[in-house]
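**Q** Protein chains in written order, with my numbering: chain A, 1 to 315; chain B, 1001 to 1635.
Hints listed in this document are in silico derivations from the structure and should not be mistaken for laboratory results. Since we're looking at a predicted model, the values are computed, not measured. We put the CB at the ideal spot given by N, CA and C, even for glycine. Hints should not be assumed to be uniformly reliable.
Simulated pairs of lysine-lysine, DSS-like, Cα-Cα distance not exceeding 30 Å [as the list claims (entries may be wrong)]:
| no. | chain 1 | residue 1 | chain 2 | residue 2 |
| --- | --- | --- | --- | --- |
| 1 | B | K1476 | B | K1582 |
| 2 | B | K1442 | B | K1476 |
| 3 | B | K1519 | B | K1498 |
| 4 | B | K1015 | A | K62 |
| 5 | B | K1582 | B | K1570 |
| 6 | A | K62 | B | K1519 |
So the derived label-pair ranges between C-beta atoms look like this [as the list claims (entries may be wrong)]:
| no. | chain 1 | residue 1 | chain 2 | residue 2 | range |
| --- | --- | --- | --- | --- | --- |
| 7 | A | I216 | B | D1225 | 27 to 33 Å |
| 8 | B | R1244 | A | E84 | 48 to 54 Å |
| 9 | B | A1316 | A | E95 | 27 to 33 Å |
| 10 | B | D1225 | A | G140 | 33 to 39 Å |
| 11 | A | E95 | B | G1185 | 48 to 54 Å |
Read off the chains here:
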Amino acid sequence: MSALETSLTASSGLPADRLTHLQRLEAESIFIMREVAAEFANPVMLYSIGKDSAVMLHLAVKAFYPSPPPFPLLHIDTGWKFREMIAFRDRMARELGFRLLVHTNAEGAAQNVNPFDHGSSLYTTVMKTDALKQALSLHGFDAAFGGARRDEEKSRAKERIFSFRTANHGWDPKSQRPELWNLFNARVKPGESIRVFPLSNWTELDIWQYILAEHIPIVPLYFAAERPVVWRGGQMIMVDDTRLPLAPGEVPEQRKVRFRTLGCYPLTAAIDSEADTLEAIVREMLVARTSERSGRLIDHDEAASMEKKKREGYF
Amino acid sequence: MNAALPADLFRPETKSLLRFLTCGSVDDGKSTLIGRLLYDTKLLFDDQVATLASDSRKYGTAGDDLDFALLVDGLAAEREQGITIDVAYRFFATERRKFIVADTPGHEQYTRNMATGASNSDLAVILVDARQGILTQTRRHSFIVSLLGIRHVVLAVNKIDLVDFAQDAFDTIVAEYRALVAGLGFETLQAVPISARHGDNVIAGSDRTPWYEGPSLLRHLETIDVARDAERLPFRLPVQWVNRPNLDFRGFSGTIASGAVAPGDAVIVAPSGRSSRVKAIVTADGDLPRAVAGQSVTLTLTDEVDVSRGDILSAATARPELADQVDAHVIWMAETPLTPGGAYLMKVGTRTVGTSVAALHHKINVTTYGEEPARTLALNEVGSVQFSLRDPIAFDPFDIIPGTGAFILIDRMSNQTVGAGMIRRARRQASNVHWQDLQVSKTARAALNHQKPVVLWFTGVSGAGKSAIAALVEKKLHAAFRHTYVLDGDNVRHGLNKDLGFTDADRVENIRRVAEVAKLFVDAGLITIVSFISPFRAERRFARDLLQEGEFVEIHVDTPLAVAEARDVKGLYSKARAGLIKNFTGIDSPYEPPEAPELRLDGANQTAEELADRVVAYLADNGYLEGPENRDWII
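Bound conformation, chain A alone (with noise of 0.2 Å):
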C-alpha cells in the first residue's frame, strides 16, 4: 500500500469538504435509483402525484441526467384522486419526458367500489392494493419504485429500500434480506420482484427544505386556498365535485385549508392553514403538531393497520 500511503501524504492539504445532510440524502437516493436501473430488466417507477413522488421524479431526472430515466412512470388511478392531482400528474409527465401509464382496477370499477359504500378498508384493498398487483403483473415490472419513507410510521421504520416482494406480491417481513452498506441485492426469481424505496432515509422535513431548495413543482393543494370542506368523524373534507354525496341538509363551507397528505379523495383531510407560499410550508411543518398520517383516514382503521396493508401488498 505504499502508494497509497504516499497520496494520503501529498493530498492531505486538501480543504474538508463536508457535505449537508441534504446533498447526502440525494446522493444515497441517486445511487438507489442508478442501482435499480443497471440491475434489473423492467424497473417502474410509481407516481403518487404527492410531494414525495414529486421529490422522486425530480431525482430520477438528476439520476440519469443527460439521459431521460430509463423507466416509465406508473399511476394507480383510483377514480377518487382529486382533478388538480390529475391536471398536475399529465403536466409533470409531459414537461419531464416520462412514459406515463395509468391502470385502474377494471372489475372494481365495473361496481363502482368507493368508499362511502364499501368502507375505506375494502375500498383501499381492491382499488389500490389489487390494482398496483394486477399493473405489476401486466406489465411483468421487476422492480418498483415507491415515496415510502420511514419516518412515516412505526413498521415502516423497519422496511428495507430493497424490499423483496414474492410472486404473488406478498411481503413477510421474516424473508427480508439483511443490507449493508450499500450493497443492495436485487436478485430474484421469475415473478418475484422488489419494491424499491429511494427515500427511506428522508423526514418530512428533509422533503419539504429539499422541495423549497430546488424549486419542485407541488400540486397546487398543499398551499392554502378557499376552499369547500365538509365535517366528517372530526375531519375536514374537500368538497372536490359531486363524486362527494352530500348527506342532507349537508352544506359544503368556505375554509382555507390545504392538505399535509394528498392520498385518494375523501380520505385524505385537509387541515385549517395560512400557508401559501413554500416558505410558509415549511414554518407551519415546524411548529406542527399532528403528525403527518393522522390525516390519513386509512391508518386508522386497526391497530397496525399498515403493517397488515404491507403483508397485502399495499406500498
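Chain A is already provided as a structure; the job is to place chain B on it using the hints.
**A** What follows is chain B alone, placed relative to chain A:
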C-alpha cells in the same frame, strides 16, 4: 415546540448528518433511550403523544409514566413479544444535525441485524445497565461495531438513577470497558452516565451527577467529528451505470467511494488498467469543478476507453489492488452454515462475481476475541475466510476504503443474502505480481501463441453439421498460425470415454470429462474446439462455469431436426426411428437449444464453409486472435 423558530430553518445547507446505531442487551433501555431522544427533541406530534399515552397504559412497563420504548417497537410480532427483532431506523434533528439512528436488537441470535445497522453508521452508542456492568453482550456488540469499521463509540451507562447516581459504580464500569476495547481500534470513546427513563444527561446535563463533567449524550452526538477524511483517500468511483443518451455522450455514473476528483485528473479503469483523464463532472445542476466522496456524479473521460458497470475509476497514482484470491472477515447470516468449497456470488462495490470458499482459516469468538479452529461458520458466527474468485477483482482493504472493500455473499439458488464480509488483503496478488515473480501461467502460455485461449463449444442435434464446421474452423485457424485442438464426440468415445454408455448418467459423465479436458487445454493456451451434441442446458452450463468469463463461446449449430434427419449421413436417425438406438436426441430424448449462445449458425441455409468463416470472424472481432494485454500495469 414554540413559535420562535431556529435561525437555520431555511438554511438546510448548514446542517450535517450523523448516522449512529444503538446497541445493548435486552433490558438495557435502548428503546427507551431512543424514545426519549425523539420526545425531548420535540420530534413527536400531539397525536403521537396521545397514542403513546394510551399505549403506555395498555402495554407499558413504566407505571403511570410514558413508556418511551413503545414509540419505537414497531412490528406487531415484537409488540406482543416485547422485544426488538429487526433493525429499525429513527430520525430526529437538532439545529446543527440531522440524526439517523439504527436501532438494533440485543439478542445474540440477531448479531446479523446489528452488523446491518453498524454497516451504515459512523458511531455506536453501546448501552450498559449501571447495575449489571459489562456483560457478554457488551463484549460482542463492541467487537461487531469494531469489525464493521466504526471508530467512534459512546458508552452510555444507563439506569444511573438505580445505583443512586453513584460515581464509583460509573467509574468501575468505564475502567473495565476501556480495558476491554483497548485493542479494537476506536478513535474516540465517550462514557456518559444517563437515565433514559428520567432524562438525566440525555439532552442536557443533570444536577444529580455533579461529578460528571463531560457533555450530555445529545451534545456529544451533535458535536463529534466523525468524517473519515474520505476525501483525502485516493479517488475511487465504482461505476454503476454507463450513461449513453446518444452517440456523442458517454458518461460513467456512480457515487464516489473515496477521494476527490476534478477535470484533468489522470484516472485508470480497474481492473483493465486502461488510463485516461477526466473530461467533465456532469450533473443535472451543471458541470462541477470538483466532486468528493459521497457525491453521485457522472464522469466523462477524454479517451474512448472501455468502461462498464463493475469497473472502478481510480486515481492513476494510487490504484486499487487486483486479486483472484482474497482473505476476508465474514459474518455469516444464513441458517445453512458456510463450508469450505461452498459457491456463492460476491457483490463488491458494483461488481458481482462468482466465488467459492477456498479455506476457512478460523472463526473468531466474539466475546473473548480469540481465534478458534472451525470447519464451518454457523449463523451469526464470524470467521476469517479465504475466497477464490472466478475473475480477478479490483478492491481496497476494508480498513482503508470501506466502499471498495466491503461485500455481501448471495446464495445462487435462493438469492438470499447469506453473509457480509470485509476484505483484508489479497491472498494471491494478481495485481502486484512483478515479472520476475511470474509463474508460467495460462496468460503466459497464451501470450507465446498470440491468442486468447477459449473453448468453442459446438452444440446441435446429430447431423446438424457441427463436426464439419469444427474441422473447417480448425483448418482456417491453423493456417493462420493459431494453436488449436478439436475434441470430437465420436473420437473421445473411442478413448477417454470408452467405458461410458448412453444412459443419462453416462451422458452426463461424458460431458463432464470433456469439459474438464477442455479446461486443461485452455489452461495450456489452446483454442479448444468441442463438437458434441450436448443436448442439456445444465451440462453446457457446467462447462461454462468451469471456465472464466470470455473463455467459453457457445455455438449453436441450429439445423432443424427435419433437415438433419433428411441428411442422416451416419444412418443413425433411421436406426433410432426403427427403435435400434435408444435415447437418441431429437427422437426419444430432448434437445434443449441454448437460450443465449454467443453464436447461432443457420445450418440449414448456409454452407459449412460460410459458417466456419463466421466463427473465425467472431474470434477476430472479439480479440481472441491477439495476445493478451500486458497486465503489469500496477505500480
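**Q** Each hint: holds or not?
**A** Going through the hints against the structure:
no.	hint	verdict
1	B:K1476 / B:K1582	violated, 36 Å
2	B:K1442 / B:K1476	holds, 23 Å
3	B:K1519 / B:K1498	holds, 20 Å
4	B:K1015 / A:K62	holds, 22 Å
5	B:K1582 / B:K1570	holds, 16 Å
6	A:K62 / B:K1519	violated, 46 Å
7	A:I216 / B:D1225: 27 to 33 Å	holds, 32 Å
8	B:R1244 / A:E84: 48 to 54 Å	violated, 37 Å
9	B:A1316 / A:E95: 27 to 33 Å	violated, 41 Å
10	B:D1225 / A:G140: 33 to 39 Å	violated, 48 Å
11	A:E95 / B:G1185: 48 to 54 Å	holds, 52 Å
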